[in-house]
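Participant: Got chain H sorted already, so can you dock chains A and D onto it with the hints?
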Amino acid sequence: MVANTFLVIFLLTIVGYVAARIHAKSVLEKVGAQMHSRPIYHGVNAAIWTGVPALIIILFWLMFQNTVINQLLLGLFEPSRIEAMTSADKSLLISEIRQIAAGRIFGTPEDMVLAAAQKLNDWTWIARASMFAVVLAACLAGVAFGLRAIGPRFRARYSVERSLNAFMIFCSFVAIFTTIGIIASLVYESYQFFSMVPAYEFFFGLRWEPQIPLRADQVAGLGAFGAIPVFVGTFVIATIAMVFAVPIGLLTAIYLTEYADHRVRATIKPLLEILAGVPTVVYGFFAVLIVAPLIRDFGTGLGLDVAPRSALAAGGVMAIMLIPFISSLSDDALAAVPRAMREGSYAMGATKGETIRKVLLPAALPGIMGGILLALSRAIGETMIVVMAAGLIASMNINPLDSVTTVTVQIVTLLIGDSAFDNPKTLSAFALGLMLFLITLVLNVLALTIVRKYREKY
Amino acid sequence: MSIANETARPAVDWRSVEVTRFRKRRYAADRRLQFYGMGAIVIALGLLAILVTSLISTGYSAFTQTMVTVPIELREDQIDREDPFSANWRTILRDSLKKLTPELEASQERDYFALFTNNAQFLVRDQVVKNPQLIGTTVSFTFPVADPVDQLSKGNIDRNQPEQLRRVNDVQIAFYDKLSEQGAISVPFNWSLFFNADSRFPELAGLAGAISGSFWALLVCFLISFPAGIAAAIYLEEFAPKNRLTDLIEVNINNLAAVPSVVFGLLALAVFIGWFGMPRSVPLVGGMTLALMTLPTIIIVTRASLKSVPASIREAALGVGASKHEVILHHILPLAMPTILTGTIIGLAQALGETAPLLLIGMNAFITSPPAGFLEPSTALPTQIFIWADSPERGFVSRTSAAILVLLSFLITMNAIAIFFRQRFERRW
Amino acid sequence: MLTDTTIEKKLTAMANDPKIKMRGNKVNVFYGEKQALFDVDLDVPGNAVMALIGPSGCGKSTFLRCLNRMNDTIDICKVTGDITLDGEDIYDPKIDVVELRARVGMVFQKPNPFPKSIYENIAYGPRIHGLTKTKAELDEVVESSLRKAAIWEEVKDRLQEPGTGLSGGQQQRLCIARAIAVSPEVILMDEPCSALDPIATAKVEELIDELRLNFTIVIVTHSMQQAARVSQRTAMFHLGNLVEEGPTDKMFTNPDTKLTQDYITGRFG
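In order, the protein sequence lines correspond to chains H, A and D. In terms of the working numbering, the first sequence opens at residue 1 and continues consecutively. In terms of the working numbering, the second sequence opens at residue 1001 and continues consecutively. In terms of the working numbering, the third sequence opens at residue 2001 and continues consecutively.
Isolated chain H, as found in the complex (with noise of 0.2 Å):
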């Protein structure tokens, strides 16, 4: 049905653009040049009225559909029931005659509840039935709309071009959009978090045992939403990476830009990209297949006691991931400075080495040390590598052989398999992802300002 209804917004939308075309052309061969606007405009101004407003009423629909007849649901009950019941035991009862209603029955369900079930079907055939005729009213509106605006002096590029406007407006409010759909969304979880956790043992407990039971009986004070050892393991891991990353890509980059030829560069910077554009799932498995093995061997046969899931390879596979990213971005710092600082250098008689060390890295530094907090925000935010290699139980420790959890593992973790909203556990998760999205944005605006500083002043 809904596919339908798709179907038939797009073939009325043709219909109104080929016929306001034909009726244009007509128009125009009787009135001849004093019309304003070219067939074509008249034909596209029809199908924009026919095709946009049905689609906007569908999405509407689709988006509220399913909430207003769950609560018509629901409101078939006792009032006294349903206000007893916890947000999880409705979508349980709805789900349940929404299994019912599609043909699967498991063991006897109340009367009520197989009643509902019918009332489900026949409101969802009325709603459906109701939202493709009101589909259909508002295309066939269109259509004859943008039919008889036709004439000579309708200007219909310019009603074609406002609508394109409009459009394209929409479009740059996007990223608007995402941004306050981003923060709204985790400030209101966050906030319906600490209506149960109180905000200072997230700030200050040092525990943090999210796996509470999930009885009705038990409440939250069974599970422990201390969030300092989370953040601890987050910036023990994003250390090792940065202490990695660092040197080896700063250097990568300095030898690129200074000591290498032109075909080895051209060789050797594709290679890097490589690096840079493998999936983080990728690393990851590397990281559980080959390093902490190989970590773990080298240890003990150090004698040292290392754990399975250690920071120390978790860490340094995220280093080999930002390697490339720095690398790039570093060159980029260095290439920005003038040719002239380095003739002025040799011209003095200095080394390349000199040059480097104490005109080209000191120019640079603010591009450098912008980019190296883009990949200190990349690190922390970096997910998959370490759900894979790092460890899940939170501990107040940094020492690098030891299993420690980050921010982004535990929300993964938190969330997987489950999507009722309202037990602290998964609530938790978006607190942590407030708290990584202000880390990160903090650090993100703190290097675009660096960064942008650094090149007006070139």
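Don't read these hints as lab results, they were simulated from the structure. Predicted model only: the values in this text are computed from it and were never measured. Hints may be right or wrong, so weigh each one.
Just the calculated beta-carbon pair ranges, DEER-fashion [stated by the list, open to error]:
(1) H:D422 to A:S1086: 40 to 46 Å
(2) A:A1316 to H:V243: 55 to 61 Å
(3) A:P1227 to H:L304: 55 to 61 Å
(4) D:Q2225 to A:A1316: 40 to 46 Å
(5) A:T1142 to H:I82: 54 to 60 Å
(6) A:F1420 to H:I180: 46 to 52 Å
Distance condition first, Cα-Cα at most 25 Å in a straight line; then the derived BS3-like pairs of lysine-lysine [to be verified]:
(7) D:K2110 to H:K453
(8) H:K453 to D:K2094
(9) A:K1024 to D:K2133
(10) H:K358 to A:K1130
(11) D:K2135 to H:K358
(12) D:K2026 to H:K358
(13) A:K1024 to D:K2094
(14) H:K358 to D:K2019
(15) H:K453 to A:K1307
(16) H:K358 to D:K2116
Quick reminder that beta carbons are idealized off the backbone N, C-alpha and C, glycines included.
Facilitator: Then chains A and D, alone, in the frame of chain H:
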């Protein structure tokens, strides 16, 4: 003032021992820095080499699959022509398997049957249900062996190890060798890797579901982000007034490009699934999430390429009386299109490798048949890799590596197309 | 204290009886496939200012950059022929380019102070070459270099401020001071005044005139007046060839070739 009275410093003796030695030290420092740079590159490329080799060395064996060919008697007294589906396929299969090895003792049956994939009976059943005229004949069926036997045949299991450390016992090895001598074992190319969907059994698991899930998600991502990205870029570059609001939009776009992908997953989970009530695990939601992540890339690339079209073309078109919209649609956009497409393909390649947001919206479901559209629950290539990497069976290790190789080859192909576009169509002004 | 006239006499004598400081012999320069200089033979007299003139792209800057091997920094550039400094071939593999550039300093078209303090800009050369042992010695070198470059009075109170904060003319004199700080024998100047306003230009020209007592100076210039004002000898380049070379007075009053005459009188270029 005259400078003649300045006491001139004594000239430096550049050949003195002291100066020469100092200069040698300077050159040594220079060479050291160069050496460190080369070392860093060697490390970076070495890591790339290790990554690729380890993937290939563990993954190549999954591109073949050990199969066994067994003649199976489809006796009419065991199968009802009217209802072949409900025959006792387990007995039918086992009777025929026993015929292959007449010396089989009752105590060894368990080990022996474990040589073959657990689902062999269903594979046979489905074939017969499809072709009922086979009933009453003896037909050769080829199906995979169980994963440990596959590993044995590929040499991944050391026969000299003590029995309890091996995943195949001595009895099984003996029967395997016997079947091998009879010519019942073959190791053809593993087409099921591409045509099967996921399975709990490594020997049957394939990527068909993941590939089609990724395809649908990317299709949605493209359909949303491509037109929206171009429209936004045109507006910002050509029409937008320079004011606070457009500044805000630009800052937003730059920032979104650097927001961690897992945050987009949280957005999708809370807004698309939680508030809008869209279904979990479907490529539609996955594609919408990926579109939000790809949009900044496309906008940035499009703006850059619009900027690079020379003003003379704009002026020429405006000069013949085209409206601003017409100039852009008829002249600027077609000229900028190759660069935009290049950027779009690269953006889509990034989206193809994204994992975390898809995990959060549940696109890591266990799905045993490929999704037929973007509203059916499915996995995607990267999430499938994640699922398999988490599986304990040995066979999934090489299948994970193989899946990664498949994913990487998609990415390389996409990037190659992008490079081709750039070199073939891009204009330099 | 010498009077101005005695200095003048001494300098004129030097220029007319030139002790050859640098000598180019059959110098050819190639940028990839393209040849930029053709068999240039040119002698640079010591303790004098030599001006290289000629229209854009004539090869005068290219020749200048050969004198301290700055062309080495361009990958595709190849130089053949001999260039000597005090009789030594500077393209000899045994010659150390670092030493060469310390002896033959350079000042560029656009002032290019390092993004460091004024003090650090001057101290850079002495430091890398290890010319001073103590901080006091370094301070002294910085001060005397700034004095010689006639900028000391303007910057002595703000030595720790960034060199990029100075005006264009001051920046260029800072760059000259920076070059002086390593006690070079020759200073090459590539259109040092082209980015400066007339007042700054006058100051730099005055400075160049004073510097020739201690240094040999080769200056590339676009301005005929500047060449006439500051130089004792002038060489005219055209399309990669050395057209004519001689005492500046003679070049500007009675050149040997019609090409030089046309260029100097402004008929082309």
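Participant: The structure should be examined with respect to each hint, and the outcome stated for every one.
Facilitator: Checked hints:
One distance hint, 40 to 46 Å for the beta-carbon pair D422 of chain H and S1086 of chain A, holds here, with the actual separation near 45 Å. Checking the proposed 55 to 61 Å range against A1316 of chain A and V243 of chain H shows it holds: the Cβ atoms sit about 56 Å from each other. The given range of 55 to 61 Å is respected by P1227 of chain A and L304 of chain H, whose C-beta atoms sit roughly 56 Å from each other. About 44 Å separates the C-beta atoms of Q2225 of chain D and A1316 of chain A, a value consistent with the hinted range of 40 to 46 Å.
Checked against the hint of 54 to 60 Å, the pair T1142 of chain A and I82 of chain H passes, with Cβ atoms roughly 58 Å apart. About 39 Å separates the C-beta atoms of F1420 of chain A and I180 of chain H, a value inconsistent with the hinted range of 46 to 52 Å. A hinted pair counts as satisfied when its Cα atoms are at most 25 Å apart, and K2110 of chain D with K453 of chain H qualifies at roughly 22 Å. As the CA atoms of K453 of chain H and K2094 of chain D are separated by approximately 45 Å, the hinted pair breaks the 25 Å bound.
Pair hint K1024 of chain A plus K2133 of chain D holds up; C-alpha atoms about 18 Å apart against a cutoff of 25 Å. Between K358 of chain H and K1130 of chain A the alpha-carbon distance is near 78 Å, which puts this suggested pair outside the 25 Å criterion. Between K2135 of chain D and K358 of chain H the alpha-carbon distance is near 18 Å, which keeps this suggested pair within the 25 Å criterion. Between K2026 of chain D and K358 of chain H the CA atoms are separated by roughly 37 Å; this puts the pair beyond 25 Å, and the hint is violated.
Pair hint K1024 of chain A plus K2094 of chain D holds up; C-alpha atoms about 14 Å apart against a cutoff of 25 Å. Using a Cα cut-off of 25 Å, the hinted pair K358 of chain H and K2019 of chain D is violated, with the two alpha carbons roughly 37 Å apart. Between K453 of chain H and K1307 of chain A the CA atoms are separated by roughly 22 Å; this keeps the pair inside 25 Å, and the hint holds. Between the alpha carbons of K358 of chain H and K2116 of chain D the distance comes to roughly 10 Å, so the proposed pair stays at or under 25 Å and holds.
In the structure shown, a violation is registered for the earlier hints numbered 6, 8, 10, 12 and 14, in ascending order.
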